[in-house]
Amino acid sequence: MGVAVSIQQVEKRYGALQALAGVSLEIAEGEFFGLLGPNGAGKTTLISCLAGLARPDAGMLTVLGRDVVADYRAARRLLGVVPQELVFDPFFTVRETLAIQSGYFGIRNNAAWIDEILANLDLADKADTNMRRLSGGMKRRVLVAQALVHKPPVIVLDEPTAGVDVELRQGLWQFIRRLNGEGHTIILTTHYLEEAEALCGRIAMLQKGRVVALDSTANLLREFSGHALNLRLAGGAALPAALAARATAQADGLWQLQLPDFSSVEKVLASLREAGIDIDDMRLTPPDLEEAFVRVMQKGRGT
Amino acid sequence: MIGFRTLLWKELLRFWKVSFQTVAAPVVTALLYLLIFSHVLDEHVRVYESVRYTAFLIPGLVMMSVLQNAFANSSSSLIQSKVTGSLVFVLLPPISYLEFFLAYVLAAAARGLVVGAGVLAVTVWFAPPGLAQPLWVLAFALLGGAIMGALGVVAGIWADKFDQLAGFQNFLILPLTMLSGVFYSIHSLPPFWQQVSHLNPVFYMIDGFRYGFFGISDVSPLLSLSVATAAFVAVSAFSLALLQRGYKLRN
Numbered sequence: 001m002g003v004a005v006s007i008q009q010v011e012k013r014y015g016a017l018q019a020l021a022g023v024s025l026e027i028a029e030g031e032f033f034g035l036l037g038p039n040g041a042g043k044t045t046l047i048s049c050l051a052g053l054a055r056p057d058a059g060m061l062t063v064l065g066r067d068v069v070a071d072y073r074a075a076r077r078l079l080g081v082v083p084q085e086l087v088f089d090p091f092f093t094v095r096e097t098l099a100i101q102s103g104y105f106g107i108r109n110n111a112a113w114i115d116e117i118l119a120n121l122d123l124a125d126k127a128d129t130n131m132r133r134l135s136g137g138m139k140r141r142v143l144v145a146q147a148l149v150h151k152p153p154v155i156v157l158d159e160p161t162a163g164v165d166v167e168l169r170q171g172l173w174q175f176i177r178r179l180n181g182e183g184h185t186i187i188l189t190t191h192y193l194e195e196a197e198a199l200c201g202r203i204a205m206l207q208k209g210r211v212v213a214l215d216s217t218a219n220l221l222r223e224f225s226g227h228a229l230n231l232r233l234a235g236g237a238a239l240p241a242a243l244a245a246r247a248t249a250q251a252d253g254l255w256q257l258q259l260p261d262f263s264s265v266e267k268v269l270a271s272l273r274e275a276g277i278d279i280d281d282m283r284l285t286p287p288d289l290e291e292a293f294v295r296v297m298q299k300g301r302g303t
Numbered sequence: 304m305i306g307f308r309t310l311l312w313k314e315l316l317r318f319w320k321v322s323f324q325t326v327a328a329p330v331v332t333a334l335l336y337l338l339i340f341s342h343v344l345d346e347h348v349r350v351y352e353s354v355r356y357t358a359f360l361i362p363g364l365v366m367m368s369v370l371q372n373a374f375a376n377s378s379s380s381l382i383q384s385k386v387t388g389s390l391v392f393v394l395l396p397p398i399s400y401l402e403f404f405l406a407y408v409l410a411a412a413a414r415g416l417v418v419g420a421g422v423l424a425v426t427v428w429f430a431p432p433g434l435a436q437p438l439w440v441l442a443f444a445l446l447g448g449a450i451m452g453a454l455g456v457v458a459g460i461w462a463d464k465f466d467q468l469a470g471f472q473n474f475l476i477l478p479l480t481m482l483s484g485v486f487y488s489i490h491s492l493p494p495f496w497q498q499v500s501h502l503n504p505v506f507y508m509i510d511g512f513r514y515g516f517f518g519i520s521d522v523s524p525l526l527s528l529s530v531a532t533a534a535f536v537a538v539s540a541f542s543l544a545l546l547q548r549g550y551k552l553r554n
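Those protein sequence lines, which keep their order, are chains A and B.
Position 211, counted from 1, in the first sequence is what our numbering calls 211; the numbers after and before it change by one each time, with no gaps.
Just remember that our numbering sits 303 ahead of the position in the second sequence, which is counted from 1.
Chain B on its own, in the form it takes in the complex:
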């Protein structure tokens, strides 16, 4: 247990020591999105009758930040320590693959939550989105961070070089999050693209998260919770299988 707790603590310190880059920078990015999109669209778009576009946008931006930063945390920590070789310090001690997985995923989710809270804190003043169901907000933020943290573990194990990881991030994570209804309701899309969006698990994470704020959503929050849970189980199982085999780490 001490081994696991130390690894978790080390992973938390790792991003906290460079929080200007790992926390402040993504908060500023999200703020810029909000300023630009709300300036252009607030007068013209109304997704739900009772909700201004700017208010609609805020939970989406918060969740997008949670997801992207959770992924970035575990994946960049792993690739960095793989490339520099310092991962050996974690591989030599008596730490089980399950402890290894949990430490990286929890630290990733923590970074996601810290950044998400930061984004919420600076954007909420523009158009308070309300907080209809706080437990749903928390549940989706945690689950979303954990899913992306686990996916980051997979990517970090798989990638041998920084540019492979960048490819994973740019061609998978970014499209999945951008095309998930952060900036729009998928009901505004043509039927075909609505169908496609329903295949994107990130859509459910954002829609469910948004439900927590407004009490309304594109699909039932229970469906969203089920999809997100299933995604977490699937990604975790895959990640744990890689770790148990020692894929690329112990050979």
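Isolated chain A (complex conformation):
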């Protein structure tokens, strides 16, 4: 597999704000890659630099080997971007919007592919509706469609599901997954970490313009999260001091203990037995990306 996107030592400053402070990463062809970080971490700036919407102060970005500045025409043909803001041109219908977008990319007579995108995004019956008359979710779908008119091998989705209802979200992911299965490289930023966890094979976490974690989703979960044991004690009893120190209180009187490994469950139970405490309820929760994310960010803040 070749390199779909290469980002090397990219810096971008807006006045006093260092939006990107030397970001480097490589994304292989066919990957489903997640770009995560809190607001202001630099995700959108990085995507803007990749898409030619902003010029980096230093560093280099390529799409399938094409430099986004020096060889911008080729690079932009290889890239499809779904912008974060819900933007549209109020003068046109859905079909006109997509035909015009095709033309911008040098494609005439794109009707067959446009019909296919419309069908896949459940927009076929809105094809001749003016953009102004569409609901927010529908406009979001058109944004996705616009990014796909030129069949780009690399697709960037910048928070595509913000404010989108569940049904549409699932339909959208099904379509994006299919595109990924057909070989398209997908780069996703999202605040919905469960989506990133379910979809992305590899994840980069950004904080204050720097990459603070970059690994496969499985490795990140293993390293920064783990199974947790959730306990409710009979009669609202307190945890023994040794356990209390590493437990966090949850809703409904549950205590949560992070488990370094499964055998430690036994030790927890043994110490409760010794203290004569009965257990009302016990649950094991799997590792999740949200916890990993919080830990990575805390670690980043400490340094």
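Hints are computed from structural coordinates only; laboratory data are not their basis.
Note that the structure is predicted; figures quoted are calculated from it, not measured.
Mixed in with the good hints there might be a few duds.
Said to hold, decoys possible - Cross-link-like lysine to aspartate or glutamate pairs, in silico, EDC-like; alpha carbons within 20 Å at most:
1. B:Lys-385 <-> A:Glu-85
2. B:Lys-320 <-> A:Asp-128
3. B:Lys-551 <-> A:Glu-11
4. B:Lys-464 <-> A:Glu-85
5. B:Lys-551 <-> A:Asp-57
6. A:Lys-299 <-> A:Glu-223
7. B:Lys-320 <-> A:Glu-96
8. B:Lys-551 <-> A:Glu-85
Said to hold, decoys possible - Where chain B lies over chain A, by a calculated footprint (3+ residues, C-beta under 8 Å):
9. 48-59
10. 85-92
11. 104-118
Just so you know, even glycine gets a beta-carbon here, dropped at the ideal spot from N, CA and C.
Given chain A, work out where chain B should sit, using these hints.
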């Protein structure tokens, strides 16, 4: 090339789809100017011996409409798509800054010409101004529309808000066009204001345009053509420099 042509086509459709507002409205405005000024002044003012005031006024109004609407087209299209964010659809594709510039300027000039033709069509009946040199008419209309289209690109790039653009329009474009001899010959002005008028490039566009109709003008049409060409080159160079740097658009 297809990218450029699509952008040009989109820009043409944009004003054509709302032509009641972008074409009919300025034609009505120009007609009102003509009715009022010719009613008040036709008996009292004679600029050139052989030309009635109403006939003298018509080419001025046509050119003023060409200039103002060309400026309005590129500037309002850009500010609108900047404010709504839809400019991103033009910035993401492989369209060069030169193609971008040409598409906006040509569409602006086209709107100017369409409105100018409309103004001419409804006013010409009041006092046919003749058509001594049609090629000069066409040359100045095209050049004037292109200059103001390019200036509209500059204003549209620079302005962040609609009221900044309105300021540009009200405090620069409107005085430049109104004080350029649309309604009078600058020979009727005191010497000082004649001198000032000679510094206004719009004066040359209108004077040269008028020459095409009457075969007479305040200054030589060749001088007017040179000034207008120089203005076009200067505004285009400035506009292209902004676009090449990505000023306010790609940062």
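So, going through the hints one by one against the coordinates:
1. B:Lys-385 <-> A:Glu-85: Between Lys-385 (chain B) and Glu-85 (chain A) the Cα gap is close to 12 Å, so the pair holds against 20 Å.
2. B:Lys-320 <-> A:Asp-128: Given pair Lys-320 (chain B), Asp-128 (chain A) holds - Cα atoms ~15 Å apart, limit 20 Å.
3. B:Lys-551 <-> A:Glu-11: holds (18 Å)
4. B:Lys-464 <-> A:Glu-85: Since the Cα atoms of Lys-464 (chain B) and Glu-85 (chain A) sit roughly 18 Å apart, the hinted pair holds (cutoff 20 Å).
5. B:Lys-551 <-> A:Asp-57: holds (15 Å)
6. A:Lys-299 <-> A:Glu-223: This hinted pair holds, its Cα atoms lying about 12 Å apart.
7. B:Lys-320 <-> A:Glu-96: Satisfied, since the Cα-Cα distance of roughly 13 Å is no more than 20 Å.
8. B:Lys-551 <-> A:Glu-85: holds (18 Å)
9. 48-59: holds (count 5)
10. 85-92: Result for this restraint: holds, n = 7.
11. 104-118: Since three or more residues must qualify, the claim that chain B covers the segment 104-118 of chain A holds, with 5 doing so at under 8 Å.
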